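Chains as they are written, first to last, in my numbering: chain A, 6 to 391; chain B, 38 to 276.
If you're looking for bench data, these hints aren't it; they were derived computationally from the structure. Since we're looking at a predicted model, the values are computed, not measured. In this text, a Cβ means the ideal position worked out from N, Cα and C, and glycines have one as well. Please note that a few of the clues may not be correct.
What the hints assert, rightly or not - Subject to a maximum C-alpha distance of 20 Å in a straight line, what follows is the list of computed SDA-like cross-link-like pairs (lysine to any residue):
1) K93(B) / S149(A)
2) K147(A) / K93(B)
3) K251(A) / R117(B)
4) K193(B) / S149(A)
5) K147(A) / V91(B)
6) K93(B) / V249(A)
7) K147(A) / P110(B)
8) K147(A) / V109(B)
9) K251(A) / K93(B)
10) K147(A) / M254(A)
11) K251(A) / P110(B)
12) K147(A) / N92(B)
13) K147(A) / K193(B)
14) K147(A) / G108(B)
15) K251(A) / V91(B)
16) K147(A) / E113(B)
17) K93(B) / L240(A)
18) K251(A) / G108(B)
What the hints assert, rightly or not - Listed below are several chain A residues computed to face chain B (Cβ distance under 10 Å; list not exhaustive):
19) A89
20) R222
21) S226
22) Y227
23) A241
24) A242
25) S244
26) N245
27) G246
28) V247
29) N248
30) V249
31) G301
32) V362
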Amino acid sequence: MTLPRKETRFLLIALVALLLLPFATMLLGDRAWLLSLSVGSYCLLYMINAQALNVQVGMTGLLNLGPIAFVGLGAYTGALMLTAGDNALIGFYAGFVPELSGHLRWVLFFLDPNFLAYLTVIPVAIVLSMLLSLLLGLPTLKLSGDYFAIVTLGFAQIFYLVVKNEAWLTKGSAGVTDVPALFSFCTGPNRIEFFSHTAHYFFGVAVLAVCLYVVVRLRDSYLGRGLLAVRDNELAAQSNGVNVAKYRMLSFMVFSALAALGGVAMLARAKFVSPNDLNFMESILFLCCVVLGGMGSVRGVLLGGIALGALGEVMRIGLPVVSETIGYEIPAQVRYVLFGMILILVMRYRPNGILPVAAEEHAGGLEKLGAHRDAEPTFFKLGTKG
Amino acid sequence: MSTPLIEFKGVKTGYGQMEVLHGIDLHVDQGEIVTLIGSNGAGKTTTLMTLSGVNKVWEGEIWYEGACLNGVPPHEIVARGICHVPEGRQIFRDLTVEENLRLGAYLRSDQAAIQKDLEHSFDMFPILRERSFQLGGTLSGGEQQMLAIARGLMGKPKVLLLDEPSLGLAPLIVADIFETVKRVNKEEDVTVVLVEQNANLALKTANRGYVLETGTITLSDDADKLANNPKVREAYLGG
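Working from the sequences, and respecting the hints, build out all of it.
Set out below in C-alpha cells:
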C-alpha cells in the first residue's frame, strides 16, 4: 500500500507548524510565549498518547480503558532511573563526554549528559512497558473486546494503588521530585534562557514525529492490514488466515511502547511525577481524543489531541482568571462538563469523529470516487462481531 | 480405497457445557462437492467451524491430507488450504472491495499471481470490478456474498467451506452463485463442503450429501439418491 500523499502532507505541515509555534508566539511578548509553550507542550502529550491509543482502539478495535498505566510506567521508569543514586546516570555520562561551553552546548545537544541519560532511559521504559503489556495481554487478550476493556480498567487502578503504596520504590504519594531537566543547560545559573523554557517542547515534537511515523508505517503495512481486518470482522479475519490473537497482542505492544515514550515526554515537561498523574480521568481523556478525532484516523486523532489538550490547559489557566473577574468561584471540574458536552455534540453531528478514517485508510481512492462510509459510530460496535 | 482428503472420526464438540455434535463420522474426497443438509440447530455450521479450527474438537479426530487437525489454530488451517466462508456474509465492511479480496490472499506472498487472481475474481464476478473501490459495507446482499466467496478463493484453497451461501438472497442470484461454485470445483479442482438450508439446490449441486439431525448423521448417500429418498423428500424437500 502506498502512502496517501494528502495525509503525509497534512502531518508534515502539522509538525512544522508545531516546531515554529514558539518562534511565532515569541513576537507576541513574554507572557503569550510562555502561555503558548505551556498549552502547546500539554497538547503534545495528548497527541502522543492519543496516537498510541489509536493503534489499539482505533485500528484494532480493542477498547483499552487504562492507557494511563503505561504512560505512567514510562514516566516512573524515567524518573526513578534518572534520580537513582543522586543522579548517578547523568554523573556517569558527565564523566566521559567533553564539557562544552557557550553556544556549543545546544548546537551539540546530543552530547549533553542529561540528554544522554534521557536517551538511555527511553529504551528501558519502552521494553518494560512492552513486557507489562505482554504479561497482561497473554492471559486476557482472548477475552472478547468488552471484557478486555474491564481488565485494562482494573489494571490501571491496581497500577495506581501499587505506585501510591509501594513507597520504597516509587516514593509513594509524594511522587518523584527533582527529576533532572532534559538538558544540563536548562537549569542552574548558566542556563540558556530560551531552552530552559522550550527544550521539553521540542522534545515533545520529536516524540510526536516518531509516533506518527510508526503509526502510519504500521497501518500501511502488511501487519496493519491484519489489524484493520481484526477490527472489522474477527471471524472473517480468522477464516482468511489472520492470527487474531497475535495481531491483538501486536497492537497492544505497539501501543504500550508508544505510551511509554509519551510517559518520558511527560516527565521531561514536568520534571516530576506522582500518583496524581495516574488519574483515571486521564485515560478517559486520551480515549476521548481518539473518539473525537475519528477512530483509527491518524490526522483526526492528532486534531482530537490538540482540541482536548488545548481546552484542558486553557481552562486550567483561564478559569481562575474568569472566576476572579466575575467574583464567583467556578469549580475546576467544569472542564469535564465541557468535555462531555463537546463529545455529545461531535457524536451527534459527526458520528465518525472530526476527521473520519475513510479518506486516509484507502489511499485516497474513495475520495476520488465519492464513495461514502455509513454513518454508524464505530465506537459502539467495539467488541461485537459483524 | 484411497484415503479421503478430509475425515471426521467420531467428532464431538459443542459450546460451553452443551454438546452439539455427538460423534460425527464423515469423509470428503478430493474434487468432490459434499453437502451437509439438516434443519436449524442440527449442527451443520458447527461442523464447518470445527473443521476450520474456530471450534475445538472435544473428542474424536479430524484428519486432513494425512495429518490430524486437532488443536491446529485456525490461521494454520487456512495456511494448509482449507478456507472457510462463514455464514452471513462476513466481509470487512470498512475496507474496500479490492482490499477485501487482497485480505483473502493474506497468507500468500506471490504478488504477481495475486494480481492475476484478483483479475480472475473480477472476471468471475464482474459486478465486483465495478465496485472495487467501494466499501464492503455498501454492497448489496448478493454482492457481499459474491465478495465473500471470491475472497475465500483468493487464498487459493484446496478446500472451500461454504456456509449458507444462499441465505437471504434472491433466487436468481442464488442460482448464479451455485453455478460459480460448480465451475470453481470443476475448473480449479477445489473441493467444496457446502452447508445449505435450501436442500433442493444443495443436492442438485453436490456429488454426495450427509443429513444431520440434532448432532448426529442419520443418512449419507449420493446426492441424487438422497434427493429421491422419501424420508429426505418429506423432511427437507417439501414432499
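Hint check against the structure, violated hint numbers in rising order: 4, 13, 19, 20 and 21
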